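Chemist: Each chain, letter by letter, is given below.
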Amino acid sequence: MKAGEKKNGISFGVLSKWCGEFSFIIVFVLIFLVYALTSNGLTWSGTMNIFRHSAVVGIIGLGMGLVCMTGEIDLSVGSMLALNSGLSVIMFNITDHILMTLLFALLFGAACGLINGLLVGYIKMPAFIVTLATMLIFRSFAQYICQHIDKALAGGGSSVYRMIKELSSYQPFYGLGNGKVLTVPIVGLILILMTALFVYITTSTKYGKKVYAVGSNAKGAQMAGINVSLMKVSVFVLAGILTGLASFLWVAMNASSDPATTGSSYEMYAIAAVVLGGISMSGGKGKCLGILFGAMSYTIIDKIIVALKMDSLINDAIKGIILILVIVVQIIGPRIKERLTRHN
Amino acid sequence: MSLLEMNGISKAFNGVQVLKGVRLNVEQGEVHALLGENGAGKSTLMNVLTGVFPKDSGTIAFDGKEIDTITIRQSEELGIAFVHQELNLFNDLKVYENIFLGKEYQNKLGKLNKRKMMEETERLFHELGVDINPSELVANLKTSQKQMLEIAKALFFKAKLLILDEPTTSLNNEEVKHLFSIVNHLKKTGTSFIFISHKMPEIFELADRYTVFRNGEFIGDGAIGDTTPEEVTGLMVGENYSAGEVYEKRKPGEVILELHDFSGPGFKEVSLQVKKGQIIGLTGLQGSGSSELMQCMFGVTEAISGEMKIRGKRVPSHSIHKAMEAKIAMLASNRKENSVIPDMSLLENMYLAEHTLSARRPHIQKRKEEERFEAFKTLLNIKARSSSDSILSLSGGNQQKVFIARWLNTDADILLFDNPTQGIDVGAKAEIYKLILEMAKKGKTILINTLEIPEIQKVADFCAVFYNGRMIKILEHDEINDTTVMLYSTNAVNQEIGG
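So the sequence lines, in the order shown, correspond to chains A and B. If you're matching positions, the first sequence starts at 1 in UniProt numbering and goes up one per residue. If you're matching positions, the second sequence starts at 1 in UniProt numbering and goes up one per residue.
Isolated chain B, as found in the complex:
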């Protein structure tokens, strides 16, 4: 008998059917991949399961017991734990305090038994092979450690089913490996996992079975061993999917961007020449300096030494406005924090950057802006009803397109894309990379920082690999592949030479 059986689950919001009678069965001790594009209904189903929203119809059975209505508290007591993509930890509390929050060990007078809590935490971490100091402040932990802490927290309270929502987005490859080894270990002891991810290689490495949703409908399920990434992707996106190569060779223009011994916080002595219309991939493990370089180029941080020239003219450091005037644009990573203005409409979000450049003409010409918005909406294929809708009403992929429009609207020549496909589904990813190629054809120069090598492989003319703050290798388009990039980004190459 399955650990979890959800059958015929339907859910509607304001008359819009989000789930149409879907089913999901999870066996004991398996990793079950829940697949589908953004908006397919995965999150909604998980929220129904954990009691965030009530279901409209359908049945849920967990551990052999039929559950009719479920509250968040009940789902916790049953042993269902949701490890969210946006981590639900308290940064100002210590590690062990986060684990025991609301369930503290205390004596009759309410005095906390801190030692016991710390010891228990230590024991748990030791079992899991996690290296975190229980009395460290959560704010000081790395993102990967926070992820481990969330999982540890769930396990401490005897979770039988863990929902991992895109757990690897902010982890580097080493950390992903560690996470997977922990998951595999727990699987053997009978814990089940629902694994939500957009990364096919991970799904095929970790998962035992899968379920695919599309547009709120159940499309299919089966064992991972019986299928291929192409087949699953096909199920997820439907018919209009083509895995075909999008890259084509273009003739680059004159040199537009030069970095000379450019150093700043997190990166050292980077020298680079980029020609008009080129697409450059930057990559490296997290903290290797590629993202930091981009931030410094855009004026977010101050350069320490060296210089950046655009069309031969030196660009002053540490001013976003000056960088924008030099026709640089940056699509920042971490969309929610750095790009989304939550109280504003699509149109306002799109025009924000342009407004800072044209502040000398203070009056807003509403009709002209609406026309531009419609033009970008068609160009970028943004799926939105009206320009006055809230930015929060769009899916991640469509939000990202609005922000691409924000920067195209500034007429920038050099576009810096920092992790542009973070939290975006497969279909929208392909679309965004197609757009990047089209923009390059029209003469835009594009730098993309990403950890996902297949994405660079698709579009980049060459790829700069970072290690420990330095740019250690430039790979031509034909040389870019997973193994080579990994060799350089872990610096395995130089170790071999040295050893």
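Next comes chain A alone, as it looks inside the complex:
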């Protein structure tokens, strides 16, 4: 009898630990089930489309995840996406070269991230304030440049950056953003590859462990020989590079970028995906895999609203409510568990 109880107790413990650590999968499955029920006939290509539509937010989210793991925040990624994608369009229009455009997007992203990182890491300003300021700056530049640059470079549009259709690399570039490999969207594959890369970095490299250590106890990390300032710079630079990659994909998918709307509220979606993925905003905890599921969960919510023919303006309200629900469960769950074990 006693032995049976003990065994039961252990499996309950393991199960609840697993549920706690991988709650993002449970949330994803639940939302996906709602989607499967509401959409008339779940199709393979429809499901694969979730990857496509999660790519930009997901990749930005990976960078945000690293920043959050160190206990910081980056509010500038949405505006950075607008500026970077706009300038990448111009770069493409000048060079007519896909790789050059990619290289530019990554380097420019790194430079933007470096600004955030230096101000947070070495000047020791609060990340919230720094990135709030750069959020305003990046968006403003994106719009200003679009108005004041030679119209030919911006693709002739008045307030939108457009890729020039006549360029020889236009079709391959647009094809990259909209093509599929074995029915899977290329941009979705890139998201999965990047997630795999960052899961590796955070779980199996010394750099990853340092990121967690800085977020968990910065003083302790410093006393173990970690250069905390440099680590903070590095995560902001990585967030910038990933936003650069997301900008490149955005341009490939849309062939244009509207500086007023591109990436608007994306910092919030990225943070939401990060939180839904189980990463603690106070740092030190969470898994990169969760970000993939977090981002996909939000994409599916969009699709459910379309399937139900609801007004898309209700979109953010539903996303917000789900975010609150998930966090409430995450916080209350352990308390309920504790109460249950106490009464047992």
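To be clear, the hints were calculated from the coordinates, so they are not data collected in a lab. Here the structure is a predicted model, which means the values were calculated and not measured. Where a beta carbon is used, it is the ideal one built from N, C-alpha and C, also for glycine. Worth double-checking, as some hints may not be accurate.
Unchecked claim - Partial pick of chain A residues on the chain B-facing surface, computed with a CB cut under 8 Å:
1. 133
2. 204
3. 206
4. 212
5. 217
6. 219
7. 220
8. 223
9. 227
10. 229
11. 307
Stated by the list, open to error - Using 30 Å as the maximum straight-line C-alpha spacing, the simulated DSS-like pairs for lysine-lysine come out as follows:
12. 322/B with 219/A
13. 160/B with 219/A
14. 313/B with 219/A
15. 116/B with 219/A
16. 336/B with 322/B
17. 377/B with 219/A
18. 336/B with 285/A
Once you have looked at the hints, place chain B on chain A.
Modeler: This is chain B only, laid out in the frame that chain A set:
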């Protein structure tokens, strides 16, 4: 009749029995020492008493009244106050605001009567002989003053029983004396104390009676006057305790560490030569510069002048990484703040420092690390289930061993130990000092900064005494004893000569 009678108290967490039917009786107006190693169940019992955890079984009677279930609030109202080891004060509030927090004097409109609160605070401090300005920010107080403030706060609300959890850990000898005089004074007015400490001399100076726990069981109680420190220690640790001398003389190697007129924040013109394999004790009253010297040697702070050489090569100042490359390691004081990475496992905590040195090979070889962890676990006798357990699941002594492993794992030659036995029980302390001697035998050079002279006496080849930022005396192993060290660290020697 006793003020507090706890009988047959049991408590289990997740099926692990932490308290097994223990009892504790505290009389009115006495100081009762609650003794036991870390993990013996002292803290759990105190948490049961103050309503933090409910008990599983047993009875509690306080002031003649039987108490069945108790909440934190009720225990406060009954007059039980817990002065925690980690002080529960609000640094950004003023002294009097901390005392009156949640119980402010106010008029009908909710406007605070600040003057009255300050006056009351002043009166209380005067009674206790405490010298603190009521309108000072708590952040600006010294640790000892914060300790006094916690006690004053408890007394203001008519506490009948104060639980002091290792109150002297961060106090210097002068402050300890002051604290004890206050406790003795309050004892006469009928206040009772439960005194939790690992320092035998203090227990025998202050306590009237004692209760010993071991592994969650009641072992014994009695009057302090009828026992000896050896007997009590024996009860605490069980059979496998030996108070024997651990020190043995070794032959030192060549000079490895030199300080020339080394000055930095908090210490001045320190010159020192240390040979390979030596163990050096640094001591002095708090703020005398010994701990500050260690921090500067490890690159935490920037040196002002002078230089530090290792194997004849100058080590640049103000870079922990450079110090680590020069094969220096530091086990920092204040474990919770400076060493523990709370979200990480034992293995991750142990490997953190090594990772910064081997960052050029970024991939983690999990199996190799597990093997090293197992090796250190055996070597240092770390009591842990699995390398993936949280660091927070270990007792203080075992945590400290993980951090010793962290630094041994970096292959450092010079180990700086700043207050290494802080908050560690007697058994683990002895073990750590035995380890220090073993490491020295294997050629490690070790500097230990501690205020506990008996510990230096056990292991150090010589001891450098600090006073007011300067190293004023070097004592050879045979010269080290409580009185001599105290004479120098209070600078009483020079006053005698001068006077």
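Chemist: Against this structure, judge whether each hint is valid.
Modeler: Results of checking the hints against the structure:
1. Interface restraint check: residue 133/A against chain B, minimum CB-CB distance 26 Å, threshold 8 Å, status violated.
2. At its closest, the beta carbon of residue 204/A sits 5 Å from a beta carbon of chain B; the interface hint therefore holds under the 8 Å criterion.
3. Satisfaction of the interface hint for residue 206/A is found here, the shortest Cβ-Cβ separation to chain B being roughly 4 Å, below the 8 Å cut-off.
4. Proximity of residue 212/A to chain B holds as hinted, the smallest CB-CB distance being about 6 Å (cut-off 8 Å).
5. Here the hint on residue 217/A is kept, as its CB sits about 5 Å from the closest CB of chain B, short of 8 Å.
6. Satisfaction of the interface hint for residue 219/A is found here, the shortest Cβ-Cβ separation to chain B being roughly 6 Å, below the 8 Å cut-off.
7. A least Cβ separation of about 5 Å between residue 220/A and chain B falls short of the 8 Å threshold, and the interface hint therefore holds.
8. The beta carbon of residue 223/A comes within 5 Å of a beta carbon in chain B, closer than 8 Å, and the hint placing it at the interface holds.
9. Taking 8 Å as the C-beta contact cut-off toward chain B, the hint placing residue 227/A at the interface holds, the least distance being around 7 Å.
10. Violation of the interface hint for residue 229/A is found here, the shortest Cβ-Cβ separation to chain B being roughly 12 Å, above the 8 Å cut-off.
11. Taking 8 Å as the C-beta cut-off, the interface hint given for residue 307/A is violated, the closest approach to chain B being about 40 Å.
12. Annotation: proposed proximity of residue 322/B to residue 219/A holds, straight-line Cα distance about 18 Å (limit 30 Å).
13. Only pairs whose Cα atoms come within 30 Å are accepted, and residue 160/B paired with residue 219/A is rejected, the gap being roughly 39 Å.
14. The suggested pairing of residue 313/B with residue 219/A holds, with an alpha-carbon distance near 29 Å, which does not exceed 30 Å.
15. Between the alpha carbons of residue 116/B and residue 219/A the distance comes to roughly 40 Å, so the proposed pair goes past 30 Å and is violated.
16. For a cut-off of 30 Å, the pair hint linking residue 336/B to residue 322/B stands: about 24 Å separates their Cα positions.
17. A C-alpha spacing of about 25 Å is found between residue 377/B and residue 219/A, which places the hinted pair at or below 30 Å, so the restraint holds.
18. For the given pair, residue 336/B sits about 18 Å from residue 285/A by alpha-carbon distance, which is consistent with the 30 Å threshold.
Violated hints, in rising order: 1, 10, 11, 13, 15; the structure is consistent with all others.
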